[in-house]
Amino acid sequence: MTRRAVSFELNGLPAEVWVEPHRTLLEVLREDLGATEVKYGCGEGVCGTCTVLLDGESVNACTVLAVQAAGHTLTTVRGLATEGQVHPLQRAFLQHGASQCGFCTPGMLLVAEEFVREHPSASRDDVRRALAGNLCRCTGYTKILDAVQAYVADGDR
Amino acid sequence: MYADPFDYAAAGSWAEAVDLLRQGGEEAKVIAGGQSLIPMMTLRLATPGLLVDVNGADASRIERHDGRIVISAVTRHADLERSPVLATECPMLAEAASLVGNVRVRHRGTIGGTLAHADPAAEIPCAALVLGADITMLGPEGERRVPAAAFFDTYYTTALRTAELVTAVEIPVPPKDAGWSFLELLRRASDFAVVAVGALVTLDEGGRCVEARLAAAGVGERPVDLTEAAQALVGERVEDPAVREAGRLAGAAVEPSAAVHASSGYRRAMLEVFVRRALLQAAERARGAAA
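Protein chains in written order, with this note's numbering: chain A, 1 to 157; chain B, 1 to 291.
It is possible that part of the hints are untrue.
Said to hold, decoys possible - SDA-like mimics (lysine to any residue), calculated; alpha carbons at most 20 Å apart, straight line: (1) Lys-176/B to Lys-29/B; (2) Lys-29/B to Arg-64/B; (3) Lys-29/B to Thr-162/B; (4) Lys-176/B to Thr-162/B; (5) Lys-29/B to Thr-2/A; (6) Lys-29/B to Met-1/A; (7) Lys-29/B to Ala-46/B; (8) Lys-29/B to Arg-23/A; (9) Lys-176/B to Val-234/B; (10) Lys-29/B to Thr-154/B; (11) Lys-29/B to Gly-84/A; (12) Lys-29/B to Tyr-155/B.
If you're looking for bench data, these hints aren't it; they were derived computationally from the structure. Source: prediction; values computed, not measured.
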C-alpha cells in the first residue's frame, strides 16, 4: 500500500514513477507517464492491445505490476520508430490499409515485429497463429496479415 | 478495473520467500508471472493483503540430471517452449507450454505458477500428471516432494500448505522410443482448453502397445489420469476400433461439470475425440522413433 519509487527505461529514456504496488504497468504508463499509445482493451491479458516490450519481450502491460518493471527496459510502439523514421512494418501497415480505428495497431505492430525478428521466413499461417492473441474488431485481420507478409517478403528490417 | 490495494515484498531467495509468506499469514500470496493472479485481482476475485514476488528468488532453469529433468519454478512457459533440453528429452512439455494463453502470457507465466494455481483446464498440470512429475515445495517446515498425482486436489486447490510454495518440478525423462501427443480444443485464442489430452505410448517391434499413459484437462475439478481407459490397448495395435473404445472408456470415466464455455456433455464428447486423436498421434510418433 505504501508508494515506492520505481525506475525503468522507457523507449530509451530514464523514467521514474512513485507508485503503489497494486497499480498495473498499463495504468502507470498511461496515467503517470502519458504513454497513451499503450491502450486498455480487456484488462485481462487476452486481447493484446496493451502490449509492450519488457526487456525486448512482448508482455501484457495490464498483467504486470508497475513495481515489477523496476530496473527493466520498456518499449512501447513509440519505440519502434527510430530518429523520426517510420518503421518498415509501420510503413507496410500504412501501405496495406491494415489499420482502421487504430486501437489494436500498437499491439499488432509490437507482436508482429517481434515474431518476424525471431522467424524471418514466417509464412502467412505462421503469422496468423502468432497474432492469435491480438484481437481486432475492425479489419477482419486480412490486411494486417497482408502487411506483415509484405514486411516479411521485403526483408527490410 | 484495479486491484484492492495490497502490500508488496520481493524475495531474493526461496528461503526469504517462505519467511515473507509466513509473516504474512493468511493474507500472503505468491506472485511470479502474475498471468492468472493479476487478472483475478483486478477483477476482485482475489484480494490478498500481501504479495510476495518470487521472480528474483531463482532463475529460469531447465536441466537434465541423470534420468530426470529438473525445472525451477520461475521458468517461463516461453523458456519451456524454446528449450533445447525439452526438445530432445521431453517435447510433450514444450508442446503443452506452447499452448498456454498467448505469446505475451508465455513470456511471463511460470511453471510453478500454473501448477500452484491449479486451474482444472490448464495445460501444464495435465502434462505434469501424464509425465509423472514430482513437485518440490518449500515451507516453514522444510522441503518436501509430492507426485503430481497427489498434488492437485480441486479447483485452484493443491497440496500446498500455508506459507509453502513450489520451488521446482522434476520429470522423469520419457523413454526415447515412447511416442507422445498433447492436443487441446479451444473455442477462442488465448483461452483455457475446453479439453486437453496428453498421451504417451510405447510400442513393441510388432507395433503393438506395450505401455500407454493418458491424462486430460477440462473434464473434472483437477487434471484426470485416464491411463486405465488406455489399458485395453496394451498388447494391441493402436488403431481403430481399439482407440475409439479407449476414447469411449475415457468419456465414461469422467464427470465434467457444465461451465460457461462448454456443457458437460460437450466436454465428454470432445474428450472421446481427443483421446482417440492423441493416442493415434502418440503411436505414430512411436513408430517414427523406431524408424
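Tested hints:
1. Restraint check for Lys-176/B and Lys-29/B: not satisfied, since their Cα atoms lie roughly 39 Å apart, outside the 20 Å limit.
2. Of the pairs offered as hints, the one joining Lys-29/B and Arg-64/B is violated, with about 30 Å between alpha carbons and a cut-off of 20 Å exceeded.
3. With a CA separation close to 10 Å, the supplied pair Lys-29/B and Thr-162/B stays within the 20 Å bound.
4. Taken as a hint, the Lys-176/B and Thr-162/B pair is broken in the structure, with Cα atoms around 39 Å apart against an allowance of 20 Å.
5. Taking the CA atoms of Lys-29/B and Thr-2/A, the gap is near 18 Å; set against the 20 Å cutoff, the hint holds.
6. This hinted pair checks out: Lys-29/B and Met-1/A have alpha carbons roughly 15 Å apart, not beyond 20 Å.
7. Annotation: proposed proximity of Lys-29/B to Ala-46/B holds, straight-line Cα distance about 10 Å (limit 20 Å).
8. About 17 Å separates the Cα atoms of Lys-29/B and Arg-23/A, which keeps this hinted pair within 20 Å; it holds.
9. At roughly 19 Å between alpha-carbon atoms, Lys-176/B and Val-234/B fall within 20 Å of each other, so this suggested pair holds.
10. About 18 Å separates the Cα atoms of Lys-29/B and Thr-154/B, which keeps this hinted pair within 20 Å; it holds.
11. A distance of roughly 44 Å separates the Cα atoms of Lys-29/B and Gly-84/A; the hinted pair therefore is violated under the 20 Å criterion.
12. Of the supplied pair hints, the one linking Lys-29/B and Tyr-155/B holds, its CA atoms being roughly 17 Å apart against a limit of 20 Å.
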